[in-house]
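Generate coordinates for the entire structure from the input sequences, incorporating the hints supplied.
Chains as they are written, first to last, in the working numbering: chain S, 1 to 475; chain Y, 1001 to 1521; chain E, 2001 to 2429.
Hint data in this document are derived by calculation from the structure and do not stem from the laboratory.
These numbers were taken from a predicted model, which means no experiment stands behind them.
Keep in mind that the hints are not guaranteed to be accurate.
What the hints assert, rightly or not - Calculated cross-link-like contacts (lysine to aspartate or glutamate; reagent style EDC-like; alpha-carbon spacing at most 20 Å): (1) E:K2327 / Y:D1363; (2) Y:K1336 / S:E297; (3) S:K361 / Y:D1195; (4) Y:K1240 / E:D2388; (5) E:K2009 / Y:E1307; (6) E:K2084 / Y:D1028; (7) Y:K1496 / S:E457; (8) Y:K1114 / S:E305; (9) Y:K1282 / S:D121; (10) S:K424 / Y:D1195; (11) S:K460 / Y:D1495; (12) S:K331 / S:E263; (13) E:K2209 / E:D2169; (14) E:K2301 / E:E2290; (15) S:K327 / S:E315; (16) Y:K1342 / S:E294; (17) E:K2015 / Y:E1306; (18) Y:K1342 / S:E301; (19) Y:K1282 / S:E94.
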Amino acid sequence: MISELKNIVGAENVLDDQETLERFSRDQSLAQARKPLAVVKVKNTEEVQKVVKLANEKLIPVTPSSSGIHFTGASLPSQGGIVIDLSGMNKILEIDPRNRKVKIEPGVTWPQLQEALKEHDQIPLNPLFPHPQTSALTSALEREPMLIPKYEYGDPILPMEVVLPTGDIFLTGTASDSHTQGAYPEGPGIDFYRFFVGAQGTMGIVTWMNMKTEYRPKKQKAYFVPFNDLSEAADPIYRIQRRHVGNECFVLSRLLLASLLCEGDTGEFDKLMESLPPYTLCLIIAGAPRRPLERIEYEEEALMEIAATLNFQVEKTVGGVSGLGTKIIDKLRNLPSNENYWKTTVENSTQEVFFTTTMDKAQEFADTALGYAAAYGLSIDEVGIYMQPLERGRACHLSFAFPCNLENEQEKESIGDLCVELCKDLINDGAFFTRPYGPLADMVYSKATGYATMLKELKKVFDPNGILNPGKLCY
Amino acid sequence: MENISRHERHEEILNAFEAALGEGNVKDNPVTVNAYFGDWLPPKTLGTSVPPEFVVLPNGTLEAQAVIKICNRFKIPFIPVGSNQWSMTSAPNRPHTVLIDCKRMGTIHEIDEKNMYAVIEPLVSLAQLHAEANKRGLYIGSPEASAQSSAVAGHLFQGMWGVGYRLGVAYRNILGIEWVLPNGEILRTGSFSQDADNGFWGEGPGPDLRGMLRGYAGAMGGVGMVTKMAVKLHPYPGPKVWPAEGHIPNMTSTLPEDRFTWDIVKYDDLEGAINFMYEIGKAEIGGVVQKWPTVYYIWWWANSNEEYWTEWKKRTFQDNVKNAVGVSLWGFTSSKQTEYEKRVLEDIIAETGGKRIKQEVFDQWVPRTANNWIRDTNGSRMMRPSGTFLALRLQTDTLDFSVGQVKTGYKWVDKFTPPILDSDGPDWIGGYDFGHFGFGETDFPVEKNAESLGDLMGKLLEMTKEDVQNGLENGVGPFLGGPYHAMAAPAFKYDKLLRGIKKAIDPNIVSNPPHQIPMDE
Amino acid sequence: MADNMILPKDPRYLKYPLEAPFDEEKVRWIASNCSRCSVCKWVDSWRVKSAKYARICPQHSKYLYDSHSGQGKCDLALALLDGKIKWDEDPEIKDILFQCTMCGGCDAMDKSIRDAELVKMYRWLRAEYIKKVGPLEEHKAMLNSLKQYDNVWLQPRMKRNSWAKDLADLGIKDLNKEKAEVLLFAGCTYGLSEELKGTVVNMAKILKKMGVDFGTLGDQEMCCGSPPSKTGNLAEFERLGKANIKKFNELGVKTVLTPCAGCYGTLRVEYEELGEKMNFEVLHVTEYLEQLTQEKKIEYKKEIPISVTWHDPCHLGRMSRPYVPGKDLEGVYEEPRNILRGIPGIELVEMERIKEYAWCCGGGGGAFTSFKEFAQWTAQQRLEEAKDTGADILVTSCPWCETNLRAGGIGMEEKMEIVDIFDLMMEAL
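Right, here's the structure in full:
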């Protein structure tokens, strides 16, 4: 098979040396290391197709990988086989500022995309300060939440090209024919695109994707609101969102904000941990392309009205951080492209438990998480909490990050147990894990048995030989 | 009654339904079934639709499941309907059909004001939901099926409501779903999958099975029956009770001017109008942005047939609203947003060379008609002047793409006029998601006349084939229902996938065949 | 340019055939142009104020199947006319056609999107049913009563004007012998019901207080013809209608006043169909009083500190004007409301479904006698709606509404008092 793979992609692109296999057998999660037989670097869709077809012939699992780094275990070859590495397919195929969309390959990263869009006054709809090596396409597919809740469409996905697990090509939405401009994701027939979203690469390999972009504001202002806990933050955010105020809007706990701001400087980190409030709402009010300051003005006025009514303070900074607004805006508009990932300030990894809920329940879940953290010997300041309002604040992405030294087996086991036990409790209390990775999948699908049954039927239709990333989700 | 052929096991089936639902909740008599196979188009008259054999009224998911399981047991087709609005594809097309009518499923289970969603059953109308939402400072749009139609069905079918420009369109408005599959299994999606009482979120877990329910248009009852759905509601700066003055049919509506405005701006050509729509989208202003065809103006405005045709002959609208775009600004944040957006709108109008339509035409049209696009978009008015209308070559992609498509629509409509009636260019283009995409549709009046029906249907069939062919060639099309999918699926390579899904969930092919895709023909 | 336009060939699309005789062809026209949009089942979307009170059709709301709706009756009409269903084939045909209270809710809502006359279509279907299958058992008593006594209540003629017996001092004229320009036409129910007579007495007293010179027809008053008309017994309706028109013309009355909404709608709208010249105008007493109060104030002596809600009788409202396509569905909406607002202490609170989109009391169309349970169910829905306003009492001006609402209230835990507007006025006077 190796020789057949080499015939497809070229010998230099088939890697089966121990070092490579070792590297692709593990990631930043606590998932069990699993070695592939080979890592195959592909350059184009045709190669992807051929590899997948070969895998079908040989009944060998294929696990797609697009990012240079992974955090969930989804790209690990749970049942061996081939890892197909799409990170080399990193072209930005088309930027369409008139229709505010961009067409990208899987290897394109967020900083790369953001940079390319700058000259067109556009921004990508990225999640919270992603790792510079994260595939933008995969990030969107995996529903990593956007920072701007005012866009009711919720995710930026538009038509895409998919290599199905059979090796056939499928074009979703209006990309199904080249006469269109690929702007609408529904169809053809049914909303096939939805089957590939949240699928952890089990239903198809996306080889390009159109994504929505939005205007890159030339004028904007940052506002910060300190809170003691998430329950204090809920009503203000509900009201802010309900009155259509602001663009980026997210809440970070002290640990996460300190990690973001310190830029690897541990001294600075310690100072910030002393001075920052427990939680900070970061809100950007952005000027529109036309009369930007006027829009900022009326939105700011509304923000102040809300603050007066609900009795909270809107600040230019928190924790006495000088130029905080400029720093946050700069980080948002110039995603870091160096390798110092802000989330690894405390330890070399963070293990995240994240789910969707509503903001009025966030504190309850935070209490649960912090309770578990304490039981496992972590203080409140050692848990990173991030709340991202979604779609006008009607729900939120809530995440608890536990620092974990991946080189310490005991710590890995302890944090792993913490996460599993916490998740069980959270699920029982109504946390909705829409993206169940690793051991979470079984917990989620054992409750959603009907859903799992249907997914399995769907999987049989798409992947009759069961070769695409088996072992993930309920497959 | 003529034309009802009974299943050889009719009595057994009847007994089974009665046992599951209670005696009064099943009917098979001529007078009842007769009321369930009409539709707004000629098919009933031409005899291509037949009465159902049974009409059943389940109360809730479990009873709906029982019905569907009985249908599987006896291998008889069923069609679930919401309000059965216009019954386009819910008129049975084969004998022994069970029509599942949701008249006992009209509960609003929950409205969560804070988290802005409602959990509803299929009979709940959009008007009911509007009214309850408005009381709470919230809102939901209404597509042309209009507000007396089922909110659930509207979300499943198409749902290009006007305010989708800002608030998103129907497929994005669906949260958790509870759904009886054609095989009788209950599927709960989104957060319902974890807790049947908690529908706040729609995605997953994992891949999103909402993808099975609809695409560009819905599954026409071919994937079972949705018995409960959570839908998004949206912030609304309007009054708690819809403002309406006057009496039917001359009601007017004026929303508070500090939060809602209307402008109608015209251009020399369609490209100019579309450019205007692009600029508005990029500027992120507006609540509704629609380029209506002339007929839309008069369809919704006229309050009698005589008024319609008198005004049409006067060319009031033809001479004034061609290539015009209707823009409603909404001051969600405050009245200052409305003021700001007005200034921006003026800038854009000046830059793009737009001109407001004549004040007298504006005054004639707006108070009586414009707010239809916010409250109910009552498409049944499209039937008034000639008995029926047709909507073909619906397409969604960029706004620019819509221009190309509706222009081919002009030629195509000219070719088939008559029997298409005078319509002044059927080019409806709506802007959605702040102009990220445009939806175009070609609507035109045709006469519902029994005498000329034969000729009409022949031409309609020809038109339809051309329409589908155009769709196949251009990647878009109506793709409404099974027969269209049968043609389009091989061209767009979803044939195997869709049939695979249909086979998996509907092994006995009982869920409104030939929808979602024909499996036996 | 209009000459070059491709317009509908059928002239009925260019203009609704209002003047055309109401015959099978017209019924077909109305029925076949039903687009199955369901407006006939729901309150107009612009007027819906809550999910609870969003329905307009009592028959459809109770019986649920679409056959029991305006749309279903259109489908049935076509099937019957085409011979696809025989008139006597299914016992439910009778229910579908005759349960309906002929309230016009569907008719009014339908007019918001097309030109049509649904209630007239139902009346035609009822008449055809009677021709083809036979008169309903339930109507026989009413028809016999009319034949014998010219009233629907099997009461001898001499009782007709008995309400005026004790009012000799008021100087109410007998127009069979004396002249007056205003005829007070009490109607069968107000005139003959022991329970409701008092209301007519009060009304007569109020008119006299306002200085109105009026008279009655005494025991010569005949039924207006509404019950036979609504139930499809058109020959009887024609007999009574023509006789009444002739009489009123002969007596030289200029204004026919009636307190009964049923009589009002019939005299005002349905009599036009008879093709007889009418030398008089028809007014409801509230209309007349409200006109009078513009010239001369009513002096109330007593304050009545209660909140009231007004129920719009269908035949005083949406069914009270001849149909003109495109014209407002006017009715006597504001006049009773203005009167109520004028009574000291009264607070008027509105139900959600009012005016042309009011929910029917359930008592009309023959349902009161032929489909009692349905009639009372309908009434109970209305009473619940009235209670939800928080009002102390429900006020109306129609003997059928009052009777049926009271009947519906029996058995309800919390009762709502039903008061006639004239009784309330009298109390304040």
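The hints, checked one at a time:
no.: 1; hint: E:K2327 / Y:D1363; verdict: holds (19 Å)
no.: 2; hint: Y:K1336 / S:E297; verdict: holds (9 Å)
no.: 3; hint: S:K361 / Y:D1195; verdict: holds (15 Å)
no.: 4; hint: Y:K1240 / E:D2388; verdict: holds (18 Å)
no.: 5; hint: E:K2009 / Y:E1307; verdict: holds (17 Å)
no.: 6; hint: E:K2084 / Y:D1028; verdict: holds (16 Å)
no.: 7; hint: Y:K1496 / S:E457; verdict: holds (14 Å)
no.: 8; hint: Y:K1114 / S:E305; verdict: holds (19 Å)
no.: 9; hint: Y:K1282 / S:D121; verdict: holds (11 Å)
no.: 10; hint: S:K424 / Y:D1195; verdict: holds (14 Å)
no.: 11; hint: S:K460 / Y:D1495; verdict: holds (15 Å)
no.: 12; hint: S:K331 / S:E263; verdict: holds (11 Å)
no.: 13; hint: E:K2209 / E:D2169; verdict: holds (12 Å)
no.: 14; hint: E:K2301 / E:E2290; verdict: holds (18 Å)
no.: 15; hint: S:K327 / S:E315; verdict: holds (15 Å)
no.: 16; hint: Y:K1342 / S:E294; verdict: holds (12 Å)
no.: 17; hint: E:K2015 / Y:E1306; verdict: holds (5 Å)
no.: 18; hint: Y:K1342 / S:E301; verdict: holds (18 Å)
no.: 19; hint: Y:K1282 / S:E94; verdict: holds (19 Å)
Consistency with the previously given hints is maintained throughout, with no hint failing.
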